[in-house]
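Protein chains in written order, with our numbering: chain A, 1 to 276; chain B, 1 to 457.
Treat the hints as calculated values from the structure; they're not laboratory data.
Bear in mind the structure is a predicted one, so any value in this text is a computation, not a measurement.
Ideal Cβ placement from N, Cα and C applies to all residues, glycine included.
Just so you know, not all the hints are guaranteed correct.
[To be verified] Pulled a few chain A residues facing chain B out of the computed Cβ check, cut under 7 Å: (1) Ala66; (2) Thr72; (3) Lys81; (4) Lys83; (5) Arg87; (6) Ser91; (7) Ala93; (8) Glu99; (9) Tyr214; (10) Gly217; (11) Val221; (12) Asn256.
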Amino acid sequence: MKKNNISLIIVILVGISFNMVAQKRIVVKGSDTVLPLSQKEAENYMKANAGAGITVVGGGSGVGIAALIDGTTDIAMSSRKIKMDERLKISDAGKAFKEVIIAQDALAVIVNPGNPVSQLTREQIEGIFTGKIDNWKEVGGEDAKIVRLARETSSGTYEFFKEHVLNRKNYASSCLNMPATGAIIESIAKTKGAIGYVGLAYVEKDVKTLGVSYDKGKTFVKPTLANAKNKSYPIVRPLFFYYNPKVEKSVMPFINYILSDEGQATVEKVGYVNLK
Amino acid sequence: MIKHLFSALTLSIFAITQPVMAQLEENQDTTQSTIVKMYSDIEAFKRLKISGYIHAQFQYADSFGITSFSSGSFPSGTDKRFSIRRGRVKFQYDALANQKGIVTSSYVLGFDVTEKGLLIIDVFAKLTDPWIGWFSITAGKQNRPFGFEIPYSSSMRETPERGRMSQIIFPGERDLGAMLTIQGPKTSLYNWIKLDAGMFNGGGTRGPGVDGSEFDKFKDFIGHLSITRSTPSEKIKYALGASYYYGGFRIDTVNVYAVGVDVNGVNGFVKENSKSDFYGVSIGNRKEAIREYIGFDAQLSVDWKPGITTIRGEYIQGDQPGFTPTSTLSAAAATASPNAANNADIYKRPFNGAYFYFVQNILQTPVQLVVKYDWYDPNTKVSGDDIGKSVASSNKAFSAADIKYDTWGFGLAYRWDANLKLSAYYEIVKNETTKNVAADNGDLADNVLTIRLQVRF
């Protein structure tokens, strides 16, 4: 009887440890832009793969890549390309990295629904965010002060917008740096004179998207999935996963799932532009 | 009846659950306030950063008791040694960022703990303007803002030590002073340009017992203007800088010599001032022996197929007043910047020097190769057999302190992870030869192999 009990305990312990090994969780950390997509993909992946465990955490692209360097994440999510300083740090840590584009994101310029302005040229957007344009009447709107909202400096979205929309020019010092996309949506919904930018997936009915022209006002294109996909909408960027090749075996099934037809269908459902 | 029963049941359930709900709500409030407190504690704790690294190493020199700039000279009769070259611990506390995201003050305290004892390396406070975040003042014991190699951390450097010139003209790298930094915050269009300019005691802090305390009334100016840019692809990063140093130390009642030609047409040190010129001059009114340097530095990193390649270089030239070797002052120390009053004759020397690094990461592996070349010519107006040649009695001959050195270094590093690095580095030191200085009539056997383990946290 005693012998049987010991055997039973051993079997249970072996079972528990086997289960723990089998269920080693993959940690995915970084960009708040990529966060909702990764969460949904992870949710679907775990439903389809009973033993799989994935933890998805935000914080910003810079935070994700820093975590990849110190080994506290398996995958870094990023809404911008990895920087040279980060490449050097990864190399200094004796590590390597691989880059995968998992989807595209259209960045929408948004205002309060009560704002009569419905379209802006790239030059006007640049003027607004760099502080040269201070009043809505200068771009065909009401006589009201412009309240500029941007993401935090650690955000990949912040940098992408500066690089591709502001032509690498500096944000105005009066720009309010919001800690998350949700905060931008919320503030714009409450403030009539506010303007900001968010990933298309975050757009809600409380805010209004603006048509954007990259040909000095000849054509204005609305930020929609269709326009982003047919490349007529100009503010589109790739979304990245970065991982250490050493963990390739454990992370690739999840990455391959995102790149599959099923995963890419989720990309579109969540509001991003798929790669298909 | 059923209706009554239902009402009674509802009342009973309410009576039972109401205190439970109240308790739950109370618990929730307690949990929430505990979480808020924990969050604020963690935030406060996150503002205190502790970092450091240890350099444990084994060295093998070409011969016994050599004078070396590879972690210091070897004791007489010794050609192999284990040592803790550096044992650094740094505490940094950043104040809470203001509403504009500007950290308006930081405090740093850094120690070096080795077999030689405990040394305070850094003690400074950095204050940043709270309005635009462009202007900072750093006051205390800190790195001197000259060039690239001086302020660059030893934990990041690919070679065991800085070049010979850097060690001689800026011993200990740090000094006591106050520095103004002008640089736009990361969000600024002009973040790529930076100006550091400060006034320092000038003596430097080179080791135990040398604390950087002032010994004369003269303060030294150091400035560095630099730009750092990356290409939009983030695969190329480059930086350029220019540095300037103007300062010096007090000339006590001593003779002052400068390079010249004696009555027989022989190059040597000619007396510029006799000690008698300074008789009766009070200590507060004495002149300054001028140290003046100008430097240019450049760095380039490229991520391409073979792996990341980094090339760095810096050239410095200037005037360095120093001394001449004696039984207690080595040739190398004779041209080093002094850190205390030294009642010895002063010798003014025009010098130049440079270093170049070539660093290649092998693909995306943990292996890294480094090749470094540096030279230091402590006296550019003399070379070869003119060194040590006899001069007229009123003048002084050039000495071993005027010998030029070229150093080649070859290294291989294995970066285990973010914390651990193992490296091997072989340094080939070539000295200028002269038949007139017995010790330098051939190349000295002073090459050094360094095997180093770096643990960083």
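Report holds or violated for the interface hint on asparagine 256 of chain A, using the least CB-CB distance to chain B and a cut-off of 7 Å. Result: violated, 21 Å to nearest chain B Cβ.
Double-check glycine 217 of chain A for me: the hint is only fine if its C-beta lies closer than 7 Å to a C-beta in chain B. violated, 25 Å
With 7 Å as the cut and Cβ atoms as the points, is glutamate 99 of chain A at the interface with chain B? violated, 12 Å
Taking the closest Cβ pair, is alanine 93 of chain A under 7 Å from chain B? holds, 4 Å
Report holds or violated for the interface hint on threonine 72 of chain A, using the least CB-CB distance to chain B and a cut-off of 7 Å. Cβ of threonine 72 of chain A sits 10 Å from chain B, so the hint is violated.
When the least beta-carbon distance from lysine 83 of chain A to chain B is tested against 7 Å, hint result: Since the shortest Cβ distance to chain B is 5 Å, the answer is holds.
Holds or violated: the hint that tyrosine 214 of chain A contacts chain B, with Cβ atoms closer than 7 Å. violated, 17 Å
Can you verify the interface hint for valine 221 of chain A: is its Cβ closer than 7 Å to any Cβ in chain B? violated, 23 Å
Double-check alanine 66 of chain A for me: the hint is only fine if its C-beta lies closer than 7 Å to a C-beta in chain B. Violated. Min distance 10 Å.
With a cut-off of 7 Å on the beta carbons, see whether serine 91 of chain A makes it to chain B. Constraint on serine 91 of chain A satisfied, holds at 5 Å.
Restraint: arginine 87 of chain A near chain B, CB-CB cut 7 Å. Satisfied or not? holds, 5 Å
Proposed interface contact between lysine 81 of chain A and chain B, which counts if any beta carbon pair is under 7 Å: holds, 5 Å
Hint violations for this structure: numbers 1, 2, 8, 9, 10, 11 and 12, all remaining hints satisfied.
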